[in-house]
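The primary structure of each chain is shown beneath.
2 protein chains.
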Amino acid sequence: MMQMDWIAVDWGTSHLRAYAMAGTQIVDQATSAAGMGTLSRDGFEPALLALIDGWLGQKTRVPVIACGMVGARTGWQEAPYRGLPCAAVSAGALMTIVTDDPRIAVQIVPGLSQAAPADVMRGEETQIAGLLADHADQFDQVILPGTHSKHVMVAGQTVTGFTTYMTGELFALLSQQSVLRLSMVAEEGADAGPQGAAFAKGVELGATGALAHLFALRAEALLHDLTPAQARARLSGLLIGDELRHIRRATRPIAVIGSGDLAARYAQGLQLLGHRSHIFDGADLVIKGLAMARRKETV
Amino acid sequence: MMQMDWIAVDWGTSHLRAYAMAGTQIVDQATSAAGMGTLSRDGFEPALLALIDGWLGQKTRVPVIACGMVGARTGWQEAPYRGLPCAAVSAGALMTIVTDDPRIAVQIVPGLSQAAPADVMRGEETQIAGLLADHADQFDQVILPGTHSKHVMVAGQTVTGFTTYMTGELFALLSQQSVLRLSMVAEEGADAGPQGAAFAKGVELGATGALAHLFALRAEALLHDLTPAQARARLSGLLIGDELRHIRRATRPIAVIGSGDLAARYAQGLQLLGHRSHIFDGADLVIKGLAMARRKETV
Chain A
223 MMQMDWIAVD WGTSHLRAYA MAGTQIVDQA TSAAGMGTLS RDGFEPALLA
273 LIDGWLGQKT RVPVIACGMV GARTGWQEAP YRGLPCAAVS AGALMTIVTD
323 DPRIAVQIVP GLSQAAPADV MRGEETQIAG LLADHADQFD QVILPGTHSK
373 HVMVAGQTVT GFTTYMTGEL FALLSQQSVL RLSMVAEEGA DAGPQGAAFA
423 KGVELGATGA LAHLFALRAE ALLHDLTPAQ ARARLSGLLI GDELRHIRRA
473 TRPIAVIGSG DLAARYAQGL QLLGHRSHIF DGADLVIKGL AMARRKETV
Chain B
223 MMQMDWIAVD WGTSHLRAYA MAGTQIVDQA TSAAGMGTLS RDGFEPALLA
273 LIDGWLGQKT RVPVIACGMV GARTGWQEAP YRGLPCAAVS AGALMTIVTD
323 DPRIAVQIVP GLSQAAPADV MRGEETQIAG LLADHADQFD QVILPGTHSK
373 HVMVAGQTVT GFTTYMTGEL FALLSQQSVL RLSMVAEEGA DAGPQGAAFA
423 KGVELGATGA LAHLFALRAE ALLHDLTPAQ ARARLSGLLI GDELRHIRRA
473 TRPIAVIGSG DLAARYAQGL QLLGHRSHIF DGADLVIKGL AMARRKETV
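Residue numbers (our numbering), protein chains in the order written: chain A, 223 to 521; chain B, 223 to 521.
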């Protein structure tokens, strides 16, 4: 096994993922549910050590570079947002944390903010830095699907603007807690055929504005034969379609940073609306971005 | 006191309101929280009698005309929807309920359904009948704000189409359960000044599509000085603005059936988007509509 020389940490609201790194190679990894949302201020260092203690020797101080909600006002220590336009990660901009344990030297990548329209991100900037490290000038628009989906405009290495869509959070609220839950399955079924068509219909309708088409999911279940699995897929399509109508017509393809079904649905939605896209794995890019942040910091 | 000759009942998911009527005059009224949503099938007759028992004599059988969710599949007895286009209420279309108590003769006004786009209403049709009784040919478009706001197209006495918007339910979910709750007061403050401006800004932005502007409420609270009261008013404006962009440009004013702050906000939103409106009290119209249904039934 190669010698670990730093530790990369992706620390969001509901997850904590640590990677023992040798340069840009992963030599070991560990995950816990100790997300920012579960911790009080003095709980961060113990939660991190519980995960990485086995990687630490007694003598050397290991650099730890972390990104995500760990740097929020209610996180370990607030890493003030960097204002747009700016590079996704920047030399000298990491926030240093003073730890009790002398074996680690922790730094946090700050998030980005946009003044008008007001918007903020924490964590996505690191994935974007990872994307641009290998693909500068190949993409103008980057989508990071999720609870709070981000559409990010980039030019070279610079982030020039972004918009957050609450698509994932809206989907969870509407499918689990609104009247629509009565017409919907709780989870995606295995049978993707008709759901694919229902998703596509949702995208088509959603691209004209989702909110005018939500209640029809309930009414079609009452009056016609819309199945619970179709209703769930159509709702997903409606919300993603409403989001994707804001993508600009462009010659370059759209970069989608994500994985699994969700990234595939965004790619399908983009195709339905006439856009090309490339999917990049978010876990790979966050590590690459943290490596970029570390390199820039030590230059 | 005039002699009661029938009883009007407005029976929704979360309320039960009964009116002792002499022709079209209210001689007494009573309200309880025994809405359809709180009752099992055999609970409806006792809930009604608990409210109106004091009005009933021993000898005569009093007609009771009810509208609303009491006629849903999970209500007292299902009153099948009448399909569009049709009159708001119709002679011979009432659903008769067999009761144990011989002192009442209960009939339920059926709701309306639209095949495509699929949509349903229960209760609003009675308010529309009340409106059209006195104001036929004065309005083409009727808005009934609420948990599930309805936009209804009418021509003469005929309902020709309608669309349901989940505006009230979305507002409740987003203001109470989404990340936006962190930037928002739980209730409207008394100070209407700045909230009026925040509402107006929400309507303006919402008319271009609300979903692209939701997260900015959180970000403006984090980055700038958006107050919790302003955030709540802006959210209301965003959702109402998204709904009202579907109102067609027309020479006739829009009828808004509702009351209080909510009806006033819809009227303000319509004005901001260049439409004239008249507000009608929903409680008045439901009684008038029930009287229309009774008269047509006995013709």
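Certain hints may be false.
Since the list can't tell identical chains apart, any single copy or any two copies may satisfy a pair.
As the list claims (entries may be wrong) - Result set (SDA-like, lysine to any residue): computed pairs, CA atoms no more than 25 Å apart in a straight line:
(1) K281 with V249
(2) K423 with T318
(3) K281 with R474
(4) K423 with R467
(5) K423 with H468
(6) K281 with G431
(7) K423 with A272
Read the hints as simulated data drawn from the structure, not as lab findings.
- Query: Are the CA atoms of K281 and V249 at most 25 Å apart within a copy, between copies, both, or neither?
  - Reply: Within one copy only: 20 Å inside a chain, 89 Å across chains, cut-off 25 Å.
Q. Can you tell me if K281 and G431 fall within 25 Å by alpha carbon in one copy, between copies, both or neither?
A. This pair counts as neither: shortest intra-copy Cα distance 59 Å, inter-copy 57 Å.
Exercise. When no copy is named, should K281 and R474 be tagged within, between, both, or neither for a Cα gap of at most 25 Å?
Worked result: neither (50 Å within a copy, 82 Å between copies)
Intra- versus inter-copy proximity for H468 and K423 (alpha-carbon distance at most 25 Å): both (18 Å within a copy, 20 Å between copies)
| field | Homo-oligomer pair classification [R467, K423; C-alpha up to 25 Å] | value | both (14 Å within a copy, 22 Å between copies)
I want to check one pair: K423 and A272. Are their C-alpha atoms no more than 25 Å apart within a copy, between two copies, both, or neither? neither (47 Å within a copy, 48 Å between copies)
request  = First find the shortest C-alpha distance between K423 and T318 inside one copy, then the shortest across copies, and answer within, between, both or neither for a cut-off of 25 Å.
outcome  = neither (49 Å within a copy, 40 Å between copies)
Hint compliance for this structure: hints 2, 3, 6 and 7 are broken, all remaining hints hold.
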